[in-house]
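Participant: With chain A's structure known, arrange chain B on it following the hints.
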Amino acid sequence: MPVITVREALRQALHDAMQDERVFIIGEDIGHYGSTYGVTAGFLEQYGPERIRDAPIAESGIVGIAIGAAMVGMRPIAEIMSVNFSLLAFDMLFNHAAKIYSMFGGQMTVPMVLRTTNGWTQLSATHSQSFDVYFAHMPGLKVVAPATPYDMKGMLKAAIEDPDPVVFIEHTLMYTVKGEAPEESYTVPLGKARLAREGRDITVVTYSRMVHLSQQAADILARDGIEVEIVDLRTLRPLDMSVALESFKKTNRAVVVTEDWQSFGTSAEIAARLYEYGFDYLDAPIARVNFREVPMPYSKNLELQTVVTVDRIVHAIRKTLS
Amino acid sequence: MPDITMPKMGFDMQEGTIVRWLKKPGDEVRRGEPIAEIETDKVTIEIEAFESGTLTEIVVQEGQSAPVNAVIARLDGGNGSQAPAPVAAAPAVSPSAGVSPPPAPLPEAPAPLAESPADIGDIRASPLARRLAREYGIDLRQVRGSGPAGRIVKEDIEAYLSARGGAPAPAPVSPPPPAPAPVSSPPPAPAAVSAPPPAPAAVSPPPPALAAVSVAQPAASAVVPLSNMRKTISRRMLQSWQQFPHIFVSIEVDMGAALALRAQANAGRAREDQVSVNDMVVKACAVALLAFPNLNASYSDEGIILHPTVNIAIAVALESGLMAPVVANCQDRSLGSIARETKRVVALAREGKITPDLLQGGTFTVSNLGMYGIPEFTSIITPPQAASLAVGAIRRTPAFKDDSDEVVAKHLMMLTLSADHRVTDGAEVARFLNELKRLLEQPLALLIG
Numbered sequence: 070m071p072v073i074t075v076r077e078a079l080r081q082a083l084h085d086a087m088q089d090e091r092v093f094i095i096g097e098d099i100g101h102y103g104s105t106y107g108v109t110a111g112f113l114e115q116y117g118p119e120r121i122r123d124a125p126i127a128e129s130g131i132v133g134i135a136i137g138a139a140m141v142g143m144r145p146i147a148e149i150m151s152v153n154f155s156l157l158a159f160d161m162l163f164n165h166a167a168k169i170y171s172m173f174g175g176q177m178t179v180p181m182v183l184r185t186t187n188g189w190t191q192l193s194a195t196h197s198q199s200f201d202v203y204f205a206h207m208p209g210l211k212v213v214a215p216a217t218p219y220d221m222k223g224m225l226k227a228a229i230e231d232p233d234p235v236v237f238i239e240h241t242l243m244y245t246v247k248g249e250a251p252e253e254s255y256t257v258p259l260g261k262a263r264l265a266r267e268g269r270d271i272t273v274v275t276y277s278r279m280v281h282l283s284q285q286a287a288d289i290l291a292r293d294g295i296e297v298e299i300v301d302l303r304t305l306r307p308l309d310m311s312v313a314l315e316s317f318k319k320t321n322r323a324v325v326v327t328e329d330w331q332s333f334g335t336s337a338e339i340a341a342r343l344y345e346y347g348f349d350y351l352d353a354p355i356a357r358v359n360f361r362e363v364p365m366p367y368s369k370n371l372e373l374q375t376v377v378t379v380d381r382i383v384h385a386i387r388k389t390l391s
Numbered sequence: 063m064p065d066i067t068m069p070k071m072g073f074d075m076q077e078g079t080i081v082r083w084l085k086k087p088g089d090e091v092r093r094g095e096p097i098a099e100i101e102t103d104k105v106t107i108e109i110e111a112f113e114s115g116t117l118t119e120i121v122v123q124e125g126q127s128a129p130v131n132a133v134i135a136r137l138d139g140g141n142g143s144q145a146p147a148p149v150a151a152a153p154a155v156s157p158s159a160g161v162s163p164p165p166a167p168l169p170e171a172p173a174p175l176a177e178s179p180a181d182i183g184d185i186r187a188s189p190l191a192r193r194l195a196r197e198y199g200i201d202l203r204q205v206r207g208s209g210p211a212g213r214i215v216k217e218d219i220e221a222y223l224s225a226r227g228g229a230p231a232p233a234p235v236s237p238p239p240p241a242p243a244p245v246s247s248p249p250p251a252p253a254a255v256s257a258p259p260p261a262p263a264a265v266s267p268p269p270p271a272l273a274a275v276s277v278a279q280p281a282a283s284a285v286v287p288l289s290n291m292r293k294t295i296s297r298r299m300l301q302s303w304q305q306f307p308h309i310f311v312s313i314e315v316d317m318g319a320a321l322a323l324r325a326q327a328n329a330g331r332a333r334e335d336q337v338s339v340n341d342m343v344v345k346a347c348a349v350a351l352l353a354f355p356n357l358n359a360s361y362s363d364e365g366i367i368l369h370p371t372v373n374i375a376i377a378v379a380l381e382s383g384l385m386a387p388v389v390a391n392c393q394d395r396s397l398g399s400i401a402r403e404t405k406r407v408v409a410l411a412r413e414g415k416i417t418p419d420l421l422q423g424g425t426f427t428v429s430n431l432g433m434y435g436i437p438e439f440t441s442i443i444t445p446p447q448a449a450s451l452a453v454g455a456i457r458r459t460p461a462f463k464d465d466s467d468e469v470v471a472k473h474l475m476m477l478t479l480s481a482d483h484r485v486t487d488g489a490e491v492a493r494f495l496n497e498l499k500r501l502l503e504q505p506l507a508l509l510i511g
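Protein chains in written order, with this note's numbering: chain A, 70 to 391; chain B, 63 to 511.
Only chain A is shown next, with the shape it has when bound in the complex (with noise of 0.2 Å):
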């Protein structure tokens, strides 16, 4: 199997995508410029001003329009340039793409992606967020935040071919990830976890870019003889919890990482879930590492004490075995 970056499995998502005619792009800078971070690079000429659709900044705007295109038979893909841009666009996708479908009695869905990405980097306050919670937190939406090129790619396809609206979560630093996936057109199913390490002594529960940290820190630990087992949810809504709990009754005791502030954050739902479920299990207060409670410092250095780092995830994981 070939081994591509993220950006590549994005990349060939979308081109697979645009073999239907139904299916169109539109968002800001990716059609002369190729979009900043590369993964529309060449489509306008590929495909023309009709179908990639260079929009000017106006985030409601573009969500609005794409969610009338669904509702007439397109199939549209939104992008956002960074998720911080979004909020100007969340009456859109709150009071219209995800309650359309249930306040006009299910006479019409409205099957439009919502690429949008997360990420930090000396990007200051108002560009180094995360708003999973606030997506996940609404009936109506599904959510998704995969880690792995394979996932990406199969994950985007059925986000695309999903009737309903679907907000797709990428990440800055994820975009040169590297992994197998397979050249020919598939899909992986939304709302589906996954085992993304087996070991014995303790759970990782985690998404999206965590799921590359958690692994490195997991091999740190391997080395004192401490199996870690992870599992990517990869979706947020609907969460698919089986897979975590089914780990969480092995080892009794959990970590939940996740790349957003703590307080009502998404490791909140996470493990208000494993306590809901997995009550008896539980040998152990379940750990949370996340971003901490503060707006994103531009410093450096305070920014590197701000977000979740390899260090954090290993001493909470030994702390939760001790």
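All clues stand as given, with none of them false.
Pairs of lysine-lysine residues, derived as BS3-like cross-links and limited to a Cα-Cα distance of at most 27 Å, are as follows:
{"#": "1", "chain 1": "A", "residue 1": "Lys247", "chain 2": "A", "residue 2": "Lys226"}
{"#": "2", "chain 1": "A", "residue 1": "Lys388", "chain 2": "B", "residue 2": "Lys216"}
{"#": "3", "chain 1": "A", "residue 1": "Lys319", "chain 2": "A", "residue 2": "Lys388"}
{"#": "4", "chain 1": "B", "residue 1": "Lys293", "chain 2": "B", "residue 2": "Lys415"}
{"#": "5", "chain 1": "A", "residue 1": "Lys318", "chain 2": "B", "residue 2": "Lys216"}
{"#": "6", "chain 1": "A", "residue 1": "Lys319", "chain 2": "B", "residue 2": "Lys216"}
If you are wondering where the hints come from, they were derived from the structure by calculation, not from laboratory data.
Facilitator: Below, chain B without anything else, positioned relative to chain A:
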């Protein structure tokens, strides 16, 4: 002033009833002296004092029930010479966890534990440790916690069990399955939104049927209070029927040869040494189960637990209900030994003298209604076992002789196995029943095996 608490007499005992106090307030009590009779789910048993002193107060009166570890009486520790370690909750008469001997005080029994007869709820222990303690009948006060701030964790329970000498034994035998694993399947198609709203259960009035029953109850009907045994039977049968998907498979056995062998074997033997048809069926089960370990097993979420020994529970009808004393280690017993042990445990059960350890650890059940002339019936599996055999009456029946057209009198008996379909399948049950049939129709094998 040590408290006397309701001891835990078996791993599934939750409460006990004081049948009779053998001491009254003011009486001197010597360590080891019986002080009360209590009735558990299945047995009535005397409990002994763990300390000497004067009985100062009876907290739970005769006829009243109390949960395990609740204070039932108070003892004045005499002149307080040696503040007695409150091992109070350790069972007096019989092991608390079925197979293993009463917990020997742990060598390193730490001082802090002895200090406060803390309520179990005050002890720091993980939910998992608490569950394991419940399942193994362990008093958490006797376990030293190694976690942060002395929290008792799974490892401590395991260490305690191995120090006690009892192998952790048949692991947590099938706890009730946890709440249905949530989620997993994405809602179909456009369903993210379209799932029907949950039924407005909270709002709906209580089902009218209930009200109707309580109102319309005729004056003449009487309510017989549930005995502890009735409650236990009801709880366990409901658990089995709700949680164990039963399959029922029957086979007819020609018992002619077995009856002839039995007549020969019993000729001239004292009545108490005689072998019954049921003993032969039990022996046949023991032999057959060795070849079908999957039916001598228990389902658990972690996997099928195959039990190392064949312990056959014999269902015994009593005036007050039903009991199933266990004939342990049938795999090593001769037919004669099975017959003698069965007589012994059944007699104890009938006389109400059976001890909890003789009611625990069964891996398979044989239930026989032959003496009532019932040709065939089905039984409900006793959790956490995987199968239960229902034995019908031997009927003298006209039947074809072998492959010929000649009709002869045969002694036919119907066996029906109830099996847990999570553990086994119909074909395996069928093969097992055929093996039972073979053993009973060529019964000399039972004398050798």
